[in-house]
Amino acid sequence: MRINCPLCGERDRREFYYMGAADYLDRPAEGDLDGIHKYLHIRENPAGVTRDLWHHEAGCSSWLVIERNTSTHEIHSVTLASEVAK
Amino acid sequence: MIELVAKSPAEGLLPKTIGTLTLSEVTPTIHSIAPLKGARLKDFPDVGKSAPYKGGTLIWSARGQYMLLDAPTPKIKAAITDQSDAWTSVTLTGDRAQALLARLCPLDTAKMAPGDVARSLIGHMSAIIIRQDAGFQIMVFRAFARTLVHEMTDAMTALAARQNIPDTSGL
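Protein chains in written order, with our numbering: chain S, 1 to 86; chain H, 1 to 171.
Just chain H, same shape as in the assembly (with noise of 0.2 Å):
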C-alpha cells in the first residue's frame, strides 16, 4: 500500500531569517465560518478584528464570512468548511516588519493595531493579514505558498542590504 506524508505548504522552504526580520510557517487549524442568514451569534468581532474564541482565535475574513484558528469546529448557524490544508501561513517577526511590508502591500501596516485583521495584497495575492503582538501573520491560498516565500525572502533580502544606509522614510 502507498505511505502518503502530509507535507504542510511551505515544507522545506521555511524558517528563513534575513536581517532582522524572521519569516516561519504556522499550521493552525482552519475552519471557514459563513453565518445562516438571520443568525445572531455571539462574540464575532467587528470588521477587521480578530477575538478569542472557543480557545482559538475568529477573525474577520471577508464580507458575512470568518476564519477560526486553533479551535475544534464550533456547533453554531453557520456554513463551516474545514480549510486547515487549504492556506498557506506563515508569520514575520523582528525589527521594521512594518518597512517589509511596506515594499509588498498597500496598506499602511503601522496602523494596524494587535488582534486587527485586514484582506488586503501581497505582491499580487490576495492575503489576510493579521497584526499580532510581536509582528504579522500572513495568510494566502496554498498553491502560492513558494510565491509567497519568493517575494517575501526577496524584500527581506533588499531591506536587509540598505540597513546601513541612513533610513529616513521613518517606518
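Looking at chain S on its own, in the form it has when it is part of the complex (with noise of 0.2 Å):
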C-alpha cells in the first residue's frame, strides 16, 4: 500500500501510522452528551469507503484525512488535515 502525502509525494506504508476515524475532527458541542458519547464510542465500520485519521509519522509528520476503501483497498484522496479542519 503506498499514500500520496501532499507535502512528501507518494510513500510508503510503513511510514505512517492508523489514528483512527476522521469523525475525530468534529467535535461536539460543549454539554452536548449525546453528541460527546457518538464522538467517543459510536463508530460505522464499512466494507467500503471511509474516512481516517493517518500521521505520516516516520516523514514530515502532517496529520492526513484518507479516504479510502476497506474493500478494494483502493486510496480516494488524501488531504492535510489542517486544510479539513479550518
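A portion of the hints provided could be inaccurate.
Unchecked claim - Cβ-to-Cβ under 7 Å is the rule here; a few derived chain H residues that face chain S:
| id | residue |
| --- | --- |
| 1 | Arg-63 |
| 2 | Leu-121 |
| 3 | Ser-126 |
Quick caveat, the hints were computed from the structure, so don't treat them as lab data. Cβ atoms here follow ideal geometry from the backbone N, Cα and C, with glycine treated the same way.
Make the complex out of the two chains shown on their own, each in a separate frame, by following the hints.
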C-alpha cells in the first residue's frame, strides 16, 4: 500500500500510522452528552468507503485525512488534516 | 575537579570502508528552526529541498520545521533551538550508495537530486536523508548512533559480498 502524502509525495505504508476515524475532527459542542458519547464510542465499520486520520509518523509528521475503500484497498483522496479542519 | 571529555555520537565507530562504500561521521552545528506563525522568512527552501543560508545549509526537515547546518544562530522570527548534540550525522559515499539504501530505506533514493531532503526511515529509525553531490548525508537521533552504524555496516558487508555476482537490479 502506498499513500500519496501532500507534502512528501508517494510513500510506503510503513511510514504512516493509523490514528482512528476522521470523526475525531468533528468535536461536539460542550454539554452535548449524546454527541460526546457518539464522538467517543460510536463508529461505523463499513465494507467500502471510509474516512480515517493517519499520521505521517516517519515523514513530515503531518496529520492526514484519507478516504479509502476497505474492500478494494483503493485510496481515493489524501488531504492535510489542517486543510480539512479549517 | 572532574574533567569532562566531549565525544561525538559515533566516536570510535567510524569511519568504515567496506567494499566500494565509505561511511564517515560528520559533526555539523545544528539549529532547529520553527518559523513563528505569520513570519515571512526569506530564502527558506521548499518542502523536500535545501538551500544555502548565512554561510551554512538550511534544510527542510518536517512540517513547519527546518534544520540549519554549519551556520551561526540566526536572528529571525522563529523558535530556534541548538540541537548540535542531539543528532548522529553520517555521510555515505562511494559506488552503489543507492543500492545500499535500497536495503534499508523505503524511499527510491535514485530519484533524489543533489540538495534534495527527505524524512523517512533507515531500518526502524526515523531519519533525515540529504542527497549530496557525492553520496548521502544521513541524520538520526543521537541515541541511535550504534544502531545506525550496525545496520549500515551490516548492509555494506552484505552488498560487498555480492559484488562478484552479476547484478540485474539496475541500481
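Notebook entry, point to check: Under the criterion of a CB-CB separation shorter than 7 Å, is Leu-121/H in contact with chain S as hinted?
Noted result: 5 Å, holds
Margin query: For the restraint on Arg-63/H, tell me whether the closest CB of chain S is nearer than 7 Å.
Written below: 5 Å, holds
Next item on the list: Under 7 Å, Cβ to Cβ, is where Ser-126/H needs to be relative to chain S, so tell me if that hint holds or is violated.
Entry: 5 Å, holds
In summary, this structure violates none of the numbered hints.
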